[in-house]
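Chemist: Letter by letter, the chains look like this.
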Amino acid sequence: MWGVLVVNIILSIMGYSVILNIVPKFKDMFVKAHLSGVDLNKKNKPELPEATGVITSCIFLIVMFIFIPFPFSKHFFNKEWGFPHQEFVQFMAALLSICCMVLLGFADDVLNLKWRHKLLLPTVASLPLLMVYYTNFNSTTIIIPKPLRFFLGHDLDLSALYYVYMGMLAVFCTNAINIYAGVNGLEVGQSVVIGASLILFNVIELNGDCWANHLFSLYFMIPFFFTSFALYNLNKYPARVFVGDTFCYFSGMTVAVVAILGHFSKTALLFFIPQIANFIFSLPQLFHILPCPRHRLPRLNQDTGCLDPSVFPFKEKSLNSLGRLVLKVYQMLGLIKVERTDKEKELSTGTNCTLINLALKLVGPTHEKNLAAYLLALQVVCSMLAFVIRYPLASLFYDC
Amino acid sequence: MWGVLVVNIILSIMGYSVILNIVPKFKDMFVKAHLSGVDLNKKNKPELPEATGVITSCIFLIVMFIFIPFPFSKHFFNKEWGFPHQEFVQFMAALLSICCMVLLGFADDVLNLKWRHKLLLPTVASLPLLMVYYTNFNSTTIIIPKPLRFLLGHDLDLSALYYVYMGMLAVFCTNAINIYAGVNGLEVGQSVVIAASLILFNVIELNGDCWANHLFSLYFMIPFFFTSFALYHLNKYPARVFVGDTFCYFSGMTVAVVAILGHFSKTALLFFIPQIANFIFSLPQLFHILPCPRHRLPRLNQDTGCLDPSVFPFKEKSLNSLGRLVLKVYQMLGLIKVERTDKDKELSTGTNCTLINLALKLVGPTHEKNLAAYLLALQVVCSMLAFVIRYPLASLFYDC
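Chains A and B are the protein sequences, given in the same order. Counting in the numbering used here, the first sequence runs from 1 upward without gaps. Counting in the numbering used here, the second sequence runs from 1 upward without gaps.
Do not rely on the hints blindly, as some may be mistaken.
Claimed, not checked - Under the rule of at most 25 Å between Cα atoms (straight-line distance), these lysine-lysine pairs were calculated in the DSS-like manner:
id	chain 1	residue 1	chain 2	residue 2
1	B	Lys-45	A	Lys-32
2	A	Lys-114	B	Lys-27
3	B	Lys-32	A	Lys-45
4	A	Lys-32	B	Lys-369
5	A	Lys-114	B	Lys-32
6	A	Lys-118	B	Lys-45
7	B	Lys-27	B	Lys-45
8	B	Lys-118	A	Lys-114
To be verified - Chain B regions said to be covered by chain A (calculated; three or more residues, Cβ under 8 Å):
id	region
9	10-16
10	24-33
11	103-115
12	124-134
13	204-217
14	318-331
Don't read these hints as lab results, they were simulated from the structure. No residue lacks a Cβ here, since even glycine has one placed at the ideal position from N, Cα and C.
So here's chain A without its partners, still in its complex pose (with noise of 0.2 Å):
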């Protein structure tokens, strides 16, 4: 076992060195392409290469190829226990559905699909890991938390919802990163952060009965964990690429997927928090209760070279009772700030409902890096609250 887990990090290694040398040389070539974006909180704004991250998911898959023979070759695997064929078709399904969604998600970026593609393209993309879940197990019960047993019994038995809810979880995934950006590298940083702490979760449990699907859970987030870091580097403030959706795509794919496969996909969303919260503050917008503009990323003051948080007008006429109750509760709450443009117009603007925006508004106008690190920070510190949660408190609600 400890064999295989070295050849995995050496291969991982080697990816992130090849990232590292690759990378810049296809910038001509992908804005050649018409694959560039403007970094629009830079004063000089310039234009880097867009959608970087299909090299790196590339890369990713070379290394999982490569690794494929090393966990199930007869060299490697227990003699005891027989060929592990179910591992091994996991496996292969696991890297179908990787590499499907890279394929959909850099489509997604060329052509500049619709939102509505945006939720269907991770549904289509984990199809291989579902069909081959029905295949092999068909295992549909979960086990209820102890202070709800009373109400529903020890397990329950979702059945089709329980294929619902792994599609969605790749749909979830996908998107919350996606939607927690706009700052120089916090889309790879975050996953990185995620990546470390599903690692570091894996290796604990090594010593534990599932050990199994911790270990098959390792042999993809190592690479990930390296090929992604290696993207941050060039992705951090000040930046020289964009990562584009396809990294975010291919993110939230792989954390799915592992977290499908190892039956820990409630632990995994712990690791989400910022995400999951920054997608609920986000919801009045995303479902257009409150105006939505195409950008919600900070705004560049240009003459303090610090972030702003940024705004969406709107009049307050054109609001449903809906939308201002909204806005009312989130008023109060200080997440956001109204301020009244035009008396006369009755014009009126909000900071946009992002969690980014909201450290802005809570910590004043800051330099785009140390938000960014402001930001990963807090990504950090909600990981170790989330293993606080998953250990001393998890025998609160289950057995083991």
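We have chain A; now place chain B onto it with these hints.
Modeler: Below, chain B without anything else, positioned relative to chain A:
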């Protein structure tokens, strides 16, 4: 077995109608994303969406994903023989190779990668196949044809060379289809004929000893045939879409995959006779022994509306001795026509060394629609020749 095949056919037909439905709707999206090409052989030079092969490839993948449980669910396989674990893993590995090839092929169409990458990408995409083959079988022994047995013995273990051969098969199939192109409907049309031939071959062999391999091949070839046939309707004269290198990669890889896993790569290559002939004929230009222009497709004669062979210009003095030799041999065999255009400057032109130009030279100027029909008829005739070689003549070479 028949039930599973019926499901496969039904899903494939559904894929066929989905493609005919949705591909035209993507036209504007592709053109806006700068994925478009000019149809040079039409008088009005229309701009058509390029790389639409990515859409049909995705529909193929979705059909295969939905199909996954059917051959492997406990209701369908023969319980006497136990669960077909190895076939399941190979199935997933095959899909992973095809999916990876579509991803890399689409990236090539978007980024316009160099020619040397066109040799590298199929090799990378065939890695899952090779790795699974190594893990499952690692059988690298080939049976020697009877006439050579006195030299080499009954069989020969190629070991590492067998993997090189498998990797090269993917590279060859993808690029052979890619360079045999330039007339509306040719790339897709040749793939449709090859697929139909392979399906017929597989159906015949279902009564033989290796029926399981051929059933496995049918699971891929039937959806491949229907999805490609749908694209053919959109790409045949007058074309409404271009298929892109993405389609050639997808097509070549799918055939290579079933040929490798079904252990009938030599028979599969028999169905590639026109592609092989075109490839060998093109070699001097591909290796720059003779000059190779960017495009070698036939040229439209604006007055007649018919196609003439295209030419490459050259100075006789600039050719090396090998170039002059090749030129003479090709002229002697009547394969190309060399004309002097300017006696003072010693400029000449030679017809480009492709099967398409050769056909035009033999038949005379032809309308694009008829040329495509002739070439596809040639493909069908060569397939029939392949069956004649395979069946009556095969017993001269092999025992079974």
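Chemist: Hints first: check each against the structure and report whether it holds.
Modeler: Status of the hints after comparison with the structure:
{"no.": "1", "hint": "B:Lys-45 to A:Lys-32", "in the structure": "holds, 24 Å"}
{"no.": "2", "hint": "A:Lys-114 to B:Lys-27", "in the structure": "holds, 15 Å"}
{"no.": "3", "hint": "B:Lys-32 to A:Lys-45", "in the structure": "holds, 24 Å"}
{"no.": "4", "hint": "A:Lys-32 to B:Lys-369", "in the structure": "violated, 35 Å"}
{"no.": "5", "hint": "A:Lys-114 to B:Lys-32", "in the structure": "holds, 14 Å"}
{"no.": "6", "hint": "A:Lys-118 to B:Lys-45", "in the structure": "violated, 35 Å"}
{"no.": "7", "hint": "B:Lys-27 to B:Lys-45", "in the structure": "holds, 17 Å"}
{"no.": "8", "hint": "B:Lys-118 to A:Lys-114", "in the structure": "violated, 31 Å"}
{"no.": "9", "hint": "10-16", "in the structure": "violated (count 0)"}
{"no.": "10", "hint": "24-33", "in the structure": "holds (count 5)"}
{"no.": "11", "hint": "103-115", "in the structure": "holds (count 8)"}
{"no.": "12", "hint": "124-134", "in the structure": "holds (count 6)"}
{"no.": "13", "hint": "204-217", "in the structure": "violated (count 0)"}
{"no.": "14", "hint": "318-331", "in the structure": "violated (count 0)"}
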